[in-house]
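Got chain D sorted already, so can you dock chain V onto it with the hints?
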Amino acid sequence: MKYAFFLGCVIPVKYPGFEKATREVMKVLDIELVDLPFSCCPAPTNMKLAHYDTWLALAARNLCLAEEAGLSILAMCNGCINTLKEANLILKEDLQRRNQVNLALEGSGHCFNGTIEVKHLLDVLYKEIGLERIAEKVQHPLDGIRIGCHYGCHLYRPPRLMYPDELSEAASYVPVSMDQILTVLGAQPTQYSRKFLCCGSALGTNIDAQAANEITREKLQHMKKHRIEAVSVACPSCFSQFDRGQMMLERKHHDGFNLPTLYISQLLGLAFGLDRPNLGLGDHRISLQPILERVGRSS
Amino acid sequence: MLKSIWELFNKEDLFECYQCARCTGSCPAAMVMKCYGPRETLLRCLNLGQEAVINDERVWYCTTCHVCEDRCPQEINISELLTAIFNLAAQRGNLPEKIKFGVDLIAKTGRSLIVNEKVLKDRQKLSLPPLDPLNIDEIEGILKKTGLNDAIELS
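Respectively, the protein sequence lines represent chains D and V. As numbered in the numbering used here, the first sequence has no gaps in its residue numbers, which increase by one up to the final residue, 286. As numbered in the numbering used here, the second sequence has no gaps in its residue numbers, which increase by one up to the final residue, 757.
One chain only, chain D, in its complex shape:
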C-alpha cells in the first residue's frame, strides 16, 4: 500500500516526533509514504472561518497534487482530515462548486477530478491494514495500561461529511478505531465521561487559552476518576491541549493529574519495540516516565 503523506503544519513544525514515529511505524507495516509539496490544508479553524472560497480552492489544490500522483491521502491531523475530506466530498458531489474551484485553479495547471480518497492514519490502521496485521508486529505488549482515548471532534464531526457511509437513518456516529487498536497493542482502553466532547483547542488558539484549558480540565477530571494512566490522541491540536494545557492548568489549580499524553503512532512504536530515537518522545511536557517504566522502556 502506498499513500501521499499529508504532514499538515502543526506536526512537522511543532511535533516532528509524531511524524518520525508515524514514518517508522508505517515502515514496519509495509506502507509506503510519498512526500508531495502540499500547503496548509487549510485549517477548519482559521481559513475556513475567514474565507470559505479560498479554503475550498487551497484544499482542492492539495487534493489535485495527490490525484496527479495517483495516490490517496493519509493525514495525521484531525484538522487536515476535516478540511480535506469535506472538500473532497463537496467537490465530488457538487459540480457547480467544482467548476468554480477549477476556474480558480486554472492558472496553476491543476484540475480537480475527484479520483482519490482521504484517510486519517487511524482509518488506514484500522480498516486498510487491519488489527490482525498490527497484532503480528507487537513485541512489547502495553501491559494493560489504562488508556483514555481522545479521538478529537474534527476526525468525525459532522458525521454526514466525515463518515457518511457509517451513518444509519437515526443514529449519529462515534469512532472505535483507537480503542480497538490499543486493545491489540495490549493496553486497556478505559471509558470516561465526556470522551466524545471537545478538548477546547480552537477557543484557545483563537481567543482565550485559559478558558480553553478549563474545557480540557473537565475531561482530565473524568479521566482521573476512571483511574486512567495515559491519554492517547490522534491530533496535534488535541495533544497540545492535553500536554501543554495540562502543564498550564497545574500552575493554576495544582490538580496533580500528571497524565502522560501520547500520539497514537508513539504507542504503536512502543508496542512494536522500535528504538527510543524513532519514537520521537522529545516534545512532551508531561513526563512519560511512568508509562515507559510500565513497559520496560525507561532507559
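Calculated from the structure, these hints are not laboratory results. Treat each hint with caution, since some may be false.
Straight-line C-alpha distance at most 20 Å; calculated SDA-like pairs for lysine to any residue [claimed, not checked]:
{"hint": "1", "chain 1": "V", "residue 1": "746", "chain 2": "D", "residue 2": "90"}
{"hint": "2", "chain 1": "V", "residue 1": "700", "chain 2": "D", "residue 2": "195"}
{"hint": "3", "chain 1": "D", "residue 1": "211", "chain 2": "D", "residue 2": "180"}
{"hint": "4", "chain 1": "D", "residue 1": "239", "chain 2": "D", "residue 2": "272"}
{"hint": "5", "chain 1": "V", "residue 1": "723", "chain 2": "D", "residue 2": "22"}
{"hint": "6", "chain 1": "V", "residue 1": "700", "chain 2": "D", "residue 2": "197"}
{"hint": "7", "chain 1": "D", "residue 1": "114", "chain 2": "D", "residue 2": "195"}
{"hint": "8", "chain 1": "V", "residue 1": "702", "chain 2": "V", "residue 2": "685"}
{"hint": "9", "chain 1": "D", "residue 1": "1", "chain 2": "V", "residue 2": "719"}
{"hint": "10", "chain 1": "D", "residue 1": "14", "chain 2": "V", "residue 2": "719"}
Only a predicted model underlies this, so the values are computations on that prediction, with no experimental measurement involved.
Below, chain V without anything else, positioned relative to chain D:
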C-alpha cells in the same frame, strides 16, 4: 456590499428550531464563556438580524467542534450557519487577530506556522526531510482568483 446571510444559509431551516437548547447544553465554549451558546446565536440571527450577530465578538468563542449540530433533534446544519456567520463577520472586520495572523501567513508562505532555523534543525536531528519553501506564485494566483484580499483586510 456584504451578502445577506440568507443567501448563504436557508432561513427556513432555522424555523425548525424549537429552542430546546440541547446545542447550548452540549457546547464546550458555553461551559466556560459567559453569555455564549449556539441556541442564542441562532435566535439572535432570526430576531435581531445578521448585523447584530456578525458585529459581535462573541461569535468567535465557538471551538468548531460541531457537537451542536450532532445533537440537534431537528437536524439543523448549525455548523454551516456558523461558517456563514464567521465569513460575514470576517468581511466586516470582526476577525480575531490570531486567525488573521494565520490566514496572512498561509497567504504569504502556504503554511499556517513559521518554519524557522530551529524547526529545520529539530527535523534534521530526527532525520526527517526538510520543509522546502512552497511555490508561492501558484498559491498567490489561486488567492487572487478567490478574492481573499478583496474580502478581508490582511496586514
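Against the structure, the hints:
no.	hint	result
1	V:746 to D:90	12 Å, holds
2	V:700 to D:195	10 Å, holds
3	D:211 to D:180	11 Å, holds
4	D:239 to D:272	16 Å, holds
5	V:723 to D:22	19 Å, holds
6	V:700 to D:197	15 Å, holds
7	D:114 to D:195	37 Å, violated
8	V:702 to V:685	16 Å, holds
9	D:1 to V:719	13 Å, holds
10	D:14 to V:719	28 Å, violated
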